[in-house]
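There are 2 protein chains.
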Amino acid sequence: MLMDHQQRTKDIITEVDRSLLKYVERGRHEKLIKAMRHYPEAGGKRMRPIMAILVAEAVGKRGKEALPFGCSLELIHNFTLVHDDVIDKDPVRRGRPAVHMAYDEPTAIIAGDALFAIAYDVLASTEVDGERLRRLMRTVSNTVFLVAEGQQIDVDNEDRPAVSREEYLDMVEKKTAVLFSCAAEGGAIIGGGTEGQIADMKEYARLLGIGFQIWDDVLGIKGNIEKVGKPVGSDIRNGKRTLIVVDALERLKGDDREHVLAEALGNSSATEDQVKAAIQLLEDIGSIEHARQFALDYAARAKQLLSCLEGSEEKDMLMELVDYAVGREL
Amino acid sequence: MLMDHQQRTKDIITEVDRSLLKYVERGRHEKLIKAMRHYPEAGGKRMRPIMAILVAEAVGKRGKEALPFGCSLELIHNFTLVHDDVIDKDPVRRGRPAVHMAYDEPTAIIAGDALFAIAYDVLASTEVDGERLRRLMRTVSNTVFLVAEGQQIDVDNEDRPAVSREEYLDMVEKKTAVLFSCAAEGGAIIGGGTEGQIADMKEYARLLGIGFQIWDDVLGIKGNIEKVGKPVGSDIRNGKRTLIVVDALERLKGDDREHVLAEALGNSSATEDQVKAAIQLLEDIGSIEHARQFALDYAARAKQLLSCLEGSEEKDMLMELVDYAVGREL
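These protein sequences, in sequence, are chains C and F.
Its first residue numbered 1, the first sequence is counted upward by one per residue in the working numbering.
Its first residue numbered 1, the second sequence is counted upward by one per residue in the working numbering.
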């Protein structure tokens, strides 16, 4: 990434961070405010607001108008994280205790709901005409519904040994990609883009989002623990059905090495050696490389869709955002 | 209530019920759909949509346009019930197992979130101009935030022996009254009312809502178990700080009968006799009558605010709605 692009990204993040902290400083209940602020203040990549702002700027020089919209998506993202962590009983997030650990489950459920409510209030402050606001509202609502559906699929999958490739991709699309899609689509709407641009930007972000999640799964198995922020191999011990695992279970059907994976997968008390052996097996049979290539393919397709935009610094940055989402920190 | 008003109310309820079931029939996940439908299909008084529709009709003959708005509030009301029951670990609602009992806690949390998302999509379908839609969006978002704050206060109060009268009223206003306020305010906005009418309708509903909740607390202690739908005395065993209890604890300070109340209050294994004795004491010292009068006073003030409306069948029905909210089933 060019130096000035890095600086520009930093500037956007600074502004988003400041806005987020201002938005959650709401009401008179100190504990609730702290619980709402818990994740937003712990940082984050802010990819959704960055995307919304860059698209609005690239399409119609209206990046500034997309800031509240981008923040509303970031608040929604944070609300889903708070509830996800309660649901998955994850004790840690962004290197800090999860909200339900730092406070309690009731407070976490309520703080999530409150973040969601604030997100809509922030969305309503978007400086677009009323009919465009209506459209934003519908796409955001539909998106959150799909995220909920994806979360439900994810919860249900935990009890199922066999998850198909199609089911995995459907879940990833709903849990992760749709919120990116919404960011880019909304950015294009705010920027006054053509219907073609709105559709292409939505698809760009969907592909990027799926690639991002699959890359995240690869990092969860191969990454550096400090950069990834969670213990490498925890996905294996938790039995998470990532594309890597789904692919491996297909390949190993009837293979006598299947027990090496089975010993560690979903076994919370698997030894370090068992987890290492399972990861080595995933490497040996090519499932990690398969997922890596799969993500890179989505990234390449995402980039192609940017051709609907005229050349601009923001277009270049949207191109670089793909490389960041799919390709970071390996 | 006049016969034709009763019929009119029934017709509105039928239409609201039909709309609600249509709205929650969303997505492809059977279990999630069932969980979302669980409370809406179990019935309910539908007071919030009824209020929104009657106000919009009384103010500007736009009752029909207020149907989606009213339904969105009913969906929000149901979403808060689903999460409240998870938080309070209440096993029963409307005579059925609570969502988290019929399914599980993760599903209940997700179903609540999904109902909230659908509520905003329904709200976005309101046939008003974009700027009015923006205003509705802001009042709804602010309302849900206050409801969350009220729920947090309620959760925190459980660990506190002494809750003041002011704290109780603040909590009731947020947990219950603001959603009524929003219904009437939104109905007046949709109906094209003057700013004065919008403000008066909002206040009418706030007073009605507070009266409604206090009346509900009275019913919880004095009511008929079948009509109330929960075991009479459960509020006592759960240690709920109702106005009745707050008032009694003030009156009994230093009184040697205090132990009669203390034996049953918040004691989940209190005997039937202990609960009866506590209720008799609340009766004897006048705390039940105090709450009853308090609610009736709010009801009377609510009715006065209806003077901003010209005479109409709907105005009469809004008057009767007060009597229903404060005065029902004793």
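Read the hints as simulated data drawn from the structure, not as lab findings.
Virtual Cβ for every residue (Gly too), placed ideally from N, Cα, C.
Hints are not guaranteed to be accurate.
[As the list claims (entries may be wrong)] Pulled a few chain C residues facing chain F out of the computed Cβ check, cut under 8 Å: (1) 29; (2) 90; (3) 92; (4) 96; (5) 97; (6) 101; (7) 109; (8) 114; (9) 118; (10) 121; (11) 137; (12) 151; (13) 152; (14) 153; (15) 157; (16) 219.
How the hints compare with the structure:
1. 29: 5 Å, holds
2. 90: 12 Å, violated
3. 92: 19 Å, violated
4. 96: 20 Å, violated
5. 97: This hint is violated: residue 97 of chain C lies away from chain F, its Cβ roughly 19 Å from the closest one there, beyond 8 Å.
6. 101: Violated: closest Cβ of chain F sits about 16 Å from residue 101 of chain C, beyond 8 Å.
7. 109: 6 Å, holds
8. 114: 4 Å, holds
9. 118: 6 Å, holds
10. 121: Hint holds; residue 121 of chain C Cβ to chain F Cβ min 4 Å, cut 8 Å.
11. 137: 4 Å, holds
12. 151: Hint holds; residue 151 of chain C Cβ to chain F Cβ min 5 Å, cut 8 Å.
13. 152: 5 Å, holds
14. 153: Holds: closest Cβ of chain F sits about 7 Å from residue 153 of chain C, inside 8 Å.
15. 157: 12 Å, violated
16. 219: 25 Å, violated
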